[in-house]
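Enquirer: Chains as they are written, first to last, in my numbering: chain S, 1 to 401; chain W, 1 to 295; chain H, 1 to 323.
Watch out, some of these pointers could steer you wrong.
Stated by the list, open to error - Okay, the calculated bits of chain W under chain S, using three or more residues with CB under 8 Å as the criterion:
{"no.": "1", "stretch": "9 to 20"}
{"no.": "2", "stretch": "141 to 151"}
{"no.": "3", "stretch": "216 to 228"}
Unchecked claim - The calculated DSS-like cross-link candidates involving lysine-lysine, where the alpha carbons are at most 30 Å apart (straight line), are:
{"no.": "4", "chain 1": "H", "residue 1": "Lys-142", "chain 2": "S", "residue 2": "Lys-216"}
{"no.": "5", "chain 1": "H", "residue 1": "Lys-87", "chain 2": "S", "residue 2": "Lys-327"}
{"no.": "6", "chain 1": "W", "residue 1": "Lys-97", "chain 2": "H", "residue 2": "Lys-198"}
{"no.": "7", "chain 1": "S", "residue 1": "Lys-115", "chain 2": "H", "residue 2": "Lys-87"}
{"no.": "8", "chain 1": "S", "residue 1": "Lys-327", "chain 2": "S", "residue 2": "Lys-158"}
{"no.": "9", "chain 1": "S", "residue 1": "Lys-392", "chain 2": "S", "residue 2": "Lys-295"}
{"no.": "10", "chain 1": "S", "residue 1": "Lys-115", "chain 2": "S", "residue 2": "Lys-332"}
{"no.": "11", "chain 1": "H", "residue 1": "Lys-87", "chain 2": "S", "residue 2": "Lys-392"}
{"no.": "12", "chain 1": "S", "residue 1": "Lys-370", "chain 2": "S", "residue 2": "Lys-288"}
The set of hints was computed from the structure by calculation and includes no laboratory data. Every value quoted in this text rests on a predicted model; they were computed, and no experiment measured them. Think of the CB as a built atom: it goes at the ideal place given N, C-alpha and C, for glycine as much as any other residue.
Residue-level listing of the chains:
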Amino acid sequence: MRLAASLAFAFAALIGTAAQAQETTVKIGVLTDMSSLYADATGPGSLVAAKMAVQDFNPAAHGLKVEVVSADHQNKPDVGSNIARQWFDVDHVDAIVDVPNSGVALAVSEVTREKNKVFLVSGAAISDLTGPKCSPNTIHWTYDTWMLANSTGKSVVKTGGDTWFFLTSDYAFGHALERDTTAVVVANGGRVVGSVSHPLNNQDFSSYLLQAQTSKAKIIGLANAGGDTINAIKQGAEFGITAGGQHFAGLLVFISDVEALGLKTAQGLVLTETFYWDMNDATRAWTKRWQTERKGKLPTMIQAGVYSAVLHYLKAVAALKSAADGKAVVAKMKEMPTDDPLFGKGMVRADGRKIHPAYLFQVKSPAESKYPGDDYILKATIPADQAFRPMKDDHCPLVTN
Amino acid sequence: MFEIFGIPSQALFAQLLLGLINGSFYALLSLGLAVIFGMLNIINFTHGAQYMMGAFVAYMLLQYLGVNYWAALVVVPVLVGLLGILIERLLLQHLRKLDHLYGLILTFGLALIIEGLFRNYYGSSGQPYQVPEALRGGRNLGFMYLPNYRAWVIAASLVVCFATWYLIERTRLGSYLRAATENPTLVRAFGINVPRMVTLTYGFGVALAALAGVMAAPIYNVSPQMGSDLIIVVFAVVVIGGMGSIMGAIVTGFMLGIVEGLTKVFFPEASNTVIFAIMIIVLLLRPAGLFGRAA
Amino acid sequence: MMERVVDPLLTQKRGEASLSFAIGFAALLGFFAVAPFVVYPVFLMQVLCFALFACAFNLLIGYVGLVSFGHALYFGWASYFCAYTAKAWGWPPEAALLTGTAAAAVLGIVAGGVAIRRQGIYFAMITLALAQMMYLVALRVKMTGGEDGIQAVPRGRLFGTFDLANDMTMYVVVVIVVLAAFLLIYRIINSPFGEVLKAIRENELRTVSLGYTTERYKLVAFVLSATLAGLAGSLKALVFQLASLTDVHWTMSGDVVLMTLLGGLGTVFGPLVGALCIVAMQNYLAPFGQWVLVIQGVIFVVCVLLFRRGIVGELAHYLRVKL
Numbered sequence: 001m002r003l004a005a006s007l008a009f010a011f012a013a014l015i016g017t018a019a020q021a022q023e024t025t026v027k028i029g030v031l032t033d034m035s036s037l038y039a040d041a042t043g044p045g046s047l048v049a050a051k052m053a054v055q056d057f058n059p060a061a062h063g064l065k066v067e068v069v070s071a072d073h074q075n076k077p078d079v080g081s082n083i084a085r086q087w088f089d090v091d092h093v094d095a096i097v098d099v100p101n102s103g104v105a106l107a108v109s110e111v112t113r114e115k116n117k118v119f120l121v122s123g124a125a126i127s128d129l130t131g132p133k134c135s136p137n138t139i140h141w142t143y144d145t146w147m148l149a150n151s152t153g154k155s156v157v158k159t160g161g162d163t164w165f166f167l168t169s170d171y172a173f174g175h176a177l178e179r180d181t182t183a184v185v186v187a188n189g190g191r192v193v194g195s196v197s198h199p200l201n202n203q204d205f206s207s208y209l210l211q212a213q214t215s216k217a218k219i220i221g222l223a224n225a226g227g228d229t230i231n232a233i234k235q236g237a238e239f240g241i242t243a244g245g246q247h248f249a250g251l252l253v254f255i256s257d258v259e260a261l262g263l264k265t266a267q268g269l270v271l272t273e274t275f276y277w278d279m280n281d282a283t284r285a286w287t288k289r290w291q292t293e294r295k296g297k298l299p300t301m302i303q304a305g306v307y308s309a310v311l312h313y314l315k316a317v318a319a320l321k322s323a324a325d326g327k328a329v330v331a332k333m334k335e336m337p338t339d340d341p342l343f344g345k346g347m348v349r350a351d352g353r354k355i356h357p358a359y360l361f362q363v364k365s366p367a368e369s370k371y372p373g374d375d376y377i378l379k380a381t382i383p384a385d386q387a388f389r390p391m392k393d394d395h396c397p398l399v400t401n
Numbered sequence: 001m002f003e004i005f006g007i008p009s010q011a012l013f014a015q016l017l018l019g020l021i022n023g024s025f026y027a028l029l030s031l032g033l034a035v036i037f038g039m040l041n042i043i044n045f046t047h048g049a050q051y052m053m054g055a056f057v058a059y060m061l062l063q064y065l066g067v068n069y070w071a072a073l074v075v076v077p078v079l080v081g082l083l084g085i086l087i088e089r090l091l092l093q094h095l096r097k098l099d100h101l102y103g104l105i106l107t108f109g110l111a112l113i114i115e116g117l118f119r120n121y122y123g124s125s126g127q128p129y130q131v132p133e134a135l136r137g138g139r140n141l142g143f144m145y146l147p148n149y150r151a152w153v154i155a156a157s158l159v160v161c162f163a164t165w166y167l168i169e170r171t172r173l174g175s176y177l178r179a180a181t182e183n184p185t186l187v188r189a190f191g192i193n194v195p196r197m198v199t200l201t202y203g204f205g206v207a208l209a210a211l212a213g214v215m216a217a218p219i220y221n222v223s224p225q226m227g228s229d230l231i232i233v234v235f236a237v238v239v240i241g242g243m244g245s246i247m248g249a250i251v252t253g254f255m256l257g258i259v260e261g262l263t264k265v266f267f268p269e270a271s272n273t274v275i276f277a278i279m280i281i282v283l284l285l286r287p288a289g290l291f292g293r294a295a
Numbered sequence: 001m002m003e004r005v006v007d008p009l010l011t012q013k014r015g016e017a018s019l020s021f022a023i024g025f026a027a028l029l030g031f032f033a034v035a036p037f038v039v040y041p042v043f044l045m046q047v048l049c050f051a052l053f054a055c056a057f058n059l060l061i062g063y064v065g066l067v068s069f070g071h072a073l074y075f076g077w078a079s080y081f082c083a084y085t086a087k088a089w090g091w092p093p094e095a096a097l098l099t100g101t102a103a104a105a106v107l108g109i110v111a112g113g114v115a116i117r118r119q120g121i122y123f124a125m126i127t128l129a130l131a132q133m134m135y136l137v138a139l140r141v142k143m144t145g146g147e148d149g150i151q152a153v154p155r156g157r158l159f160g161t162f163d164l165a166n167d168m169t170m171y172v173v174v175v176i177v178v179l180a181a182f183l184l185i186y187r188i189i190n191s192p193f194g195e196v197l198k199a200i201r202e203n204e205l206r207t208v209s210l211g212y213t214t215e216r217y218k219l220v221a222f223v224l225s226a227t228l229a230g231l232a233g234s235l236k237a238l239v240f241q242l243a244s245l246t247d248v249h250w251t252m253s254g255d256v257v258l259m260t261l262l263g264g265l266g267t268v269f270g271p272l273v274g275a276l277c278i279v280a281m282q283n284y285l286a287p288f289g290q291w292v293l294v295i296q297g298v299i300f301v302v303c304v305l306l307f308r309r310g311i312v313g314e315l316a317h318y319l320r321v322k323l
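All chains, full assembly: derive it from the sequences and hints.
Expert: Okay, here's the thing in structure tokens:
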């Protein structure tokens with residue numbers, strides 16, 4: 001099977017190169033979670049976003065031919081890195097995009113560095129990707145744990161939530177989020193009274209919630225995401241957490257989670273995102289187009305980030321007329337300022353961090369929501385230059401000369 | 001409140017109560033496994049998948065047909081039980097003459113098929129299932145806030161376990177079943193349709209698993225892998241309790257749930273491995289299990 | 001005990017059996033010599049690692065008659081030890097491999113000591129429960145990296161000279177190690193020790209009555225099987241430069257049962273063929289997501305009901321040859 005496929009491919013490539021000497025072929029791989037706890041926040045919606053970016057870029061006008069492939073990494077680092085390796089070695093993929101799940105993202109970042117390709121992280125959150133684990137082949141696009149901690153964490157502490165108990169997802173992302181938020185809480189005069197780790201994709205939070213209740217902390221910080229956050233909040237309602245005077249702080253909440261919880265349960269939750277579908281006319285128009293493929297869903301910041309990243313990547317490749325050298329393309333992406341209808345004007349820093357403003361939202365109550373999808377009130381805007389960790393605190397080998 | 005070994009008694013009782021709830025599921029599931037093994041000498045690896053099907057069918061009935069929780073408690077075990085009977089008739093009965101391990105491998109394969117099919121259709125994150133109206137809310141017990149639904153789980157499983165034990169150990173039908181396990185040829189000579197009994201018993205065991213699934217739906221996420229990690233713990237429970245004994249399965253199930261709860265308080269890192277550690281100790285000291293007859 | 005695998009139609013004499021083995025082995029060598037130039041070498045290395053894993057498993061199930069449902073324990077934990085020593089302690093690949101294999105051996109002794117006490121289904125369930133317990137330990141313990149696994153494991157330089165970062169060099173090393181282990185297994189099976197194992201599989205009571213301490217033989221076989229599974233796991237950690245929870249999960253234990261069953265229990269080449277089929281299927285069907293699970297389940301069911309001899313077993317039966 002493999003033999004036939006390889007021979008066929010070689011033959012086709014020979015013919016192909018002869019015929020398309022003029023066009024540069026670019027292949028983009030959307031590696032995401034298609035079926036597990038992050039599937040709604042990323043998954044098929046990310047693939048749609050990537051395809052929209054290719055469409056909007058109009059490759060033919062720039063002398064490019066762009067192909068988009070996708071795969072499900074099932075939240076497993078070995079599956080993710082094997083797919084990445086095979087994509088780079090055998091399938092001639094030039095750039096991998098998305099990858100929710102920080103553990104998988106770290107693994108893919110290494111493979112990408114080894115093969116000198118490009119990795120555009122939209123889904124994963126771990127701030128180490130622009131910190132100790134930064135790479136000249138990786139750009140961290142949409143958000144990260146430092147930004148979330150600095151935004152949500154700080155605002156919660158400032159409004160009186162000064163004792164915290166963490167419910168942490170037991171992998172790279174959860175620990176990073178807990179670490180970054182703890183730093184912010186302590187720096188703003190708060191105290192962390194305890195924490196407990198739970199496995200990824202956990203079903204039953206009862207015993208963890210019990211521990212949180214016993215701790216008597218004012219705030220239960222949810223250092224997890226996706227399905228885990230939804231379950232924790234739902235079961236928290238069952239166990240009378242809020243009735244007992246404690247509040248949940250959803251450190252990473254997507255609009256897909258809010259929709260899944262329903263406004264009745266989620267109202268009042270404070271969260272930080274870098275994109276909201278209802279922000280302005282441009283975002284609304286884009287969302288309408290996106291929804292033709294994803295009916296009944298709302299795009300999350302991750303999916304918007306995939307669109308933005310792919311668009312900028314293609315611009316850089318068109319400028320260089322080649323996608324072959326990953327480092328060169330990333331350098332070009334850092335050189336060119338970014339501009340797209342979803343995030344506005346921005347830039348990519350030397351450490352690989354994409355800069356744009358962050359928004360603090362609060363979930364509306366059912367009464368306040370006037371139409372389906374009207375979920376957020378904008379509480380504050382954090383300008384781009386303050387939203388992300390300053391480069392001097394990165395400990396990124398690319399930056400410290 | 002007083003303190004035991006530095007842990008406030010509130011936390012202790014609360015975790016014990018949660019442990020009892022987990023124990024209810026262990027007991028129900030190991031009961032089903034024990035019944036099937038006792039009568040058919042088959043390790044039903046599909047048990048976890050059948051538990052999952054119970055939860056999913058309840059979800060689907062609610063979602064597509066508007067069948068509520070209470071009706072589901074009756075309908076779902078029957079439906080899934082019938083499926084179990086089908087499996088037994090079509091597949092398992094061919095293995096009766098073979099080594100028992102083939103039964104284990106076959107049921108393992110079936111579990112993969114079922115889990116894979118559901119995962120394909122529903123993805124691996126969970127489906128929501130609401131707690132029924134009548135059981136919403138909870139009671140403040142002083143040391144913890146106990147949701148009504150979880151109290152119901154404990155009560156219902158105690159009733160079902162006791163009823164099953166009574167059925168098998170104290171009624172005539174049960175005595176036929178037990179006799180058929182020990183000496184099928186002789187029992188057949190008495191005119192009792194042994195193969196049909198075997199089939200029905202398998203169906204009954206599967207129905208028990210499905211019932212546990214329905215009860216789990218409102219509190220645990222209804223997801224395709226909800227059965228697979230649970231089933232291995234239940235295997236350990238059954239090995240500890242002793243494979244032949246119905247009462248052993250029930251008592252061990254509840255007991256181990258409580259032990260797990262205790263471990264969560266005193267030694268949280270070990271809480272999911274404690275049952276396996278106990279299994280090793282029991283095997284070294286009493287190979288037949290706590291209540292088992294020598295295999 | 002598993003169904004008799006010794007086919008009454010096999011009237012092949014010892015000398016002829018060695019000949020068929022030699023032919024088979026030569027074919028194998030030929031295949032692996034040519035393959036990397038047409039097929040992706042990393043895929044081949046994956047097949048080889050799993051083939052070794054399946055051969056190690058087959059030693060236990062096919063020749064002693066013990067079904068272990070928790071073999072991922074040795075495979076996965078050896079992989080962790082190898083990865084950890086190579087990455088955190090910077091040990092050269094040969095030392096890391098040895099550490100992983102040794103760790104598997106120790107785990108085999110401990111687990112075997114507990115599990116051998118029971119037979120048949122109980123043995124299977126105990127191995128499963130032990131493996132699950134160690135999976136849960138792997139989830140929590142710092143050394144394994146939990147959900148993230150141990151990443152970016154350096155392949156290093158073998159004996160200080162051969163740079164294993166080169167896929168072809170790594171491939172050659174893997175082929176040599178796996179085929180050597182394969183020959184070792186063949187030697188074990190056809191030795192006096194192996195004869196006792198087969199006797200235990202056929203009729204343990206009679207073997208006891210002949211004066212053999214079967215417990216001891218079973219334990220040795222168990223440890224051998226675990227050790228070789230560990231070697232496979234350690235190799236895999238270096239090939240993929242990653243050790244993760246997948247390697248200790250019960251689905252991995254199930255995979256190896258499937259490979260051996262499909263290939264043919266108690267045959268020499270069966271596990272290799274089974275491993276090739278299953279790894280190829282998993283790779284080829286990866287875009288189809290969870291269908292892989294369903295298909296594997298179907299293969300299990302079909303094999304148990306209709307195809308108990310497995311691919312190589314059926315081939316051997318047809319050719320009247322011992323494979």
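Enquirer: With the threshold set at 30 Å, check whether the alpha-carbon distance from Lys-87 (chain H) to Lys-392 (chain S) stays at or below it.
Expert: Cα-Cα ~28 Å, so holds.
Enquirer: Does Lys-288 (chain S) lie within 30 Å of Lys-370 (chain S) when you go C-alpha to C-alpha?
Expert: With a Cα-Cα distance of about 18 Å, the restraint between Lys-370 (chain S) and Lys-288 (chain S) holds, given a limit of 30 Å.
Enquirer: Count residues of the stretch 9 to 20 of chain W with a Cβ under 8 Å from any Cβ of chain S, then say if the count reaches three.
Expert: n = 5 at 8 Å, threshold three: holds.
Enquirer: What's the verdict on Lys-327 (chain S) and Lys-158 (chain S), does the C-alpha distance respect the 30 Å limit or exceed it?
Expert: Violated - the C-alpha atoms of Lys-158 (chain S) and Lys-327 (chain S) are around 42 Å apart, more than 30 Å.
Enquirer: Hint check: Lys-142 (chain H) vs Lys-216 (chain S), CA-CA at most 30 Å. Holds or violated?
Expert: holds (29 Å)
Enquirer: Under the criterion that the straight-line Cα-Cα distance not exceed 30 Å, is the pair Lys-115 (chain S), Lys-87 (chain H) satisfied?
Expert: holds (20 Å)
Enquirer: Check whether three or more residues of the stretch 216 to 228 of chain W sit with their beta carbon closer than 8 Å to a beta carbon of chain S.
Expert: Result for this restraint: holds, n = 5.
Enquirer: Given the hint that Lys-115 (chain S) pairs with Lys-332 (chain S), test it: the Cα-Cα distance must not exceed 30 Å.
Expert: Cα-Cα ~18 Å, so holds.
Enquirer: For the pair we were handed, Lys-97 (chain W) and Lys-198 (chain H), check the Cα-Cα distance against 30 Å.
Expert: holds (22 Å)
Enquirer: Going straight from one Cα to the other, do Lys-392 (chain S) and Lys-295 (chain S) come out at no more than 30 Å?
Expert: Violated, at about 43 Å.
Enquirer: Quickly compare the C-alpha distance for Lys-87 (chain H) and Lys-327 (chain S) to 30 Å and report which way the hint goes.
Expert: holds (26 Å)
Enquirer: Confirm or reject the coverage of the stretch 141 to 151 of chain W by chain S under the rule of 3 or more residues with a beta carbon closer than 8 Å to the chain's beta carbons.
Expert: With 5 residues close enough to chain S, the hint holds.
Checked against the numbered hints above, the structure breaks hints 8 and 9 and satisfies the rest.
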